[in-house]
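Use these hints to put chain S onto chain G, whose structure you have.
Chains as they are written, first to last, in this note's numbering: chain G, 1 to 145; chain S, 1 to 132.
There could be a bad hint or two in this list.
Unchecked claim - Heads up, simulated DSS-like pairs for lysine-lysine below, C-alpha to C-alpha not over 25 Å straight-line: (1) G:123 with S:56; (2) S:68 with G:116; (3) G:19 with G:69.
Claimed, not checked - Not everything, but these chain G residues come out facing chain S in the computed CB check (under 10 Å): (4) 5; (5) 9; (6) 65; (7) 66; (8) 69; (9) 79; (10) 103; (11) 107; (12) 110; (13) 111; (14) 112; (15) 113; (16) 116; (17) 118; (18) 128.
Honestly, the hints are just simulated from the structure, not real lab data.
The C-beta atom is built at its ideal place from N, Cα and C for all residues, glycine as well.
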Amino acid sequence: MTEERYNYGTSTRWIEGKKMKLMVEGQPELEVCPPPEFGGPGGFLTPPDLFVASASTCYTTTFFTMSAKARLNYVDFKCRAEGTLEKFEGKGFKFTKIDLYPELTIPDEEERERAKGVLEASKKYCLVTNSMACEITLNPTIKVK
Amino acid sequence: MSSRELQYPDDLKYNEEHSWLKVEGNKGRAGITDYAQDQLTDILFLELPEVGAQVKYMEPFGIVESAKSTNDLFSPVSGQVIEVNQPLTKRPGTINRDPYGEGWMIVIDMSNPEELDSLIPAEEYREFVETG
Numbered sequence: 001m002t003e004e005r006y007n008y009g010t011s012t013r014w015i016e017g018k019k020m021k022l023m024v025e026g027q028p029e030l031e032v033c034p035p036p037e038f039g040g041p042g043g044f045l046t047p048p049d050l051f052v053a054s055a056s057t058c059y060t061t062t063f064f065t066m067s068a069k070a071r072l073n074y075v076d077f078k079c080r081a082e083g084t085l086e087k088f089e090g091k092g093f094k095f096t097k098i099d100l101y102p103e104l105t106i107p108d109e110e111e112r113e114r115a116k117g118v119l120e121a122s123k124k125y126c127l128v129t130n131s132m133a134c135e136i137t138l139n140p141t142i143k144v145k
Numbered sequence: 001m002s003s004r005e006l007q008y009p010d011d012l013k014y015n016e017e018h019s020w021l022k023v024e025g026n027k028g029r030a031g032i033t034d035y036a037q038d039q040l041t042d043i044l045f046l047e048l049p050e051v052g053a054q055v056k057y058m059e060p061f062g063i064v065e066s067a068k069s070t071n072d073l074f075s076p077v078s079g080q081v082i083e084v085n086q087p088l089t090k091r092p093g094t095i096n097r098d099p100y101g102e103g104w105m106i107v108i109d110m111s112n113p114e115e116l117d118s119l120i121p122a123e124e125y126r127e128f129v130e131t132g
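Same shape as in the complex, but just chain G (with noise of 0.2 Å):
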């Protein structure tokens, strides 16, 4: 039994070719294609990348939450993400693994501890890569500016 419950829509439609329109309620319209490796004409999002994507914007908005949270100064955040996908004898392709490289620069080195464990907590906290079935890994990088 759940405390809460959301539920988040998307539709898609077929444009031409391999192309499709991606379509959320009140946002602009994506246009997305397989990958070039599966076909794809390239030059596109596609589903790799929205799932990517999905992993590091939800966790650098648990990262805004967690560090309001801490009350944690900082003068920049970035997060870079890379999925392996690999494909299973006679099972297809998945994704095995997402890699998160967050990069914090704050302002002041007492804080770096406090900032290692707001990037802990914000994967910790991550709804969208606590629900991925593939190994999450956390490689973060603090500077001090």
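Structure of chain S alone, referenced to chain G:
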């Protein structure tokens, strides 16, 4: 929440706001219990009083914020704060790892030692948290 067994050291006194007190003569060292840190989950922020501040029995002396919630810290006794674990504010996660050791918060010079009678021993505190 932790899967390990929560600790309730016998040499400490407790209150129902989940603070502990270790009596050291006229002084008392205070922090929050293993149960409290477990309920709070990952602690991200801690605000403690300055040395010299007056704290009052069962009144807030600080704030703790975790991934889950923000809570006041309640003083188990009245008196003057004579020591503050200031480094803890830079490493609040220490409270999760060692709530009764390095996670101590303040030392109070007790002004009313009779208040100790209202604190409860370990076994009673364990019963209190286990029976909800």
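Against the structure, the hints:
no.: 1; hint: G:123 with S:56; in the structure: violated (38 Å)
no.: 2; hint: S:68 with G:116; in the structure: holds (18 Å)
no.: 3; hint: G:19 with G:69; in the structure: violated (42 Å)
no.: 4; hint: 5; in the structure: violated (19 Å)
no.: 5; hint: 9; in the structure: violated (28 Å)
no.: 6; hint: 65; in the structure: holds (8 Å)
no.: 7; hint: 66; in the structure: holds (6 Å)
no.: 8; hint: 69; in the structure: holds (5 Å)
no.: 9; hint: 79; in the structure: violated (18 Å)
no.: 10; hint: 103; in the structure: violated (20 Å)
no.: 11; hint: 107; in the structure: violated (14 Å)
no.: 12; hint: 110; in the structure: holds (6 Å)
no.: 13; hint: 111; in the structure: holds (7 Å)
no.: 14; hint: 112; in the structure: holds (9 Å)
no.: 15; hint: 113; in the structure: holds (5 Å)
no.: 16; hint: 116; in the structure: holds (9 Å)
no.: 17; hint: 118; in the structure: holds (6 Å)
no.: 18; hint: 128; in the structure: violated (16 Å)
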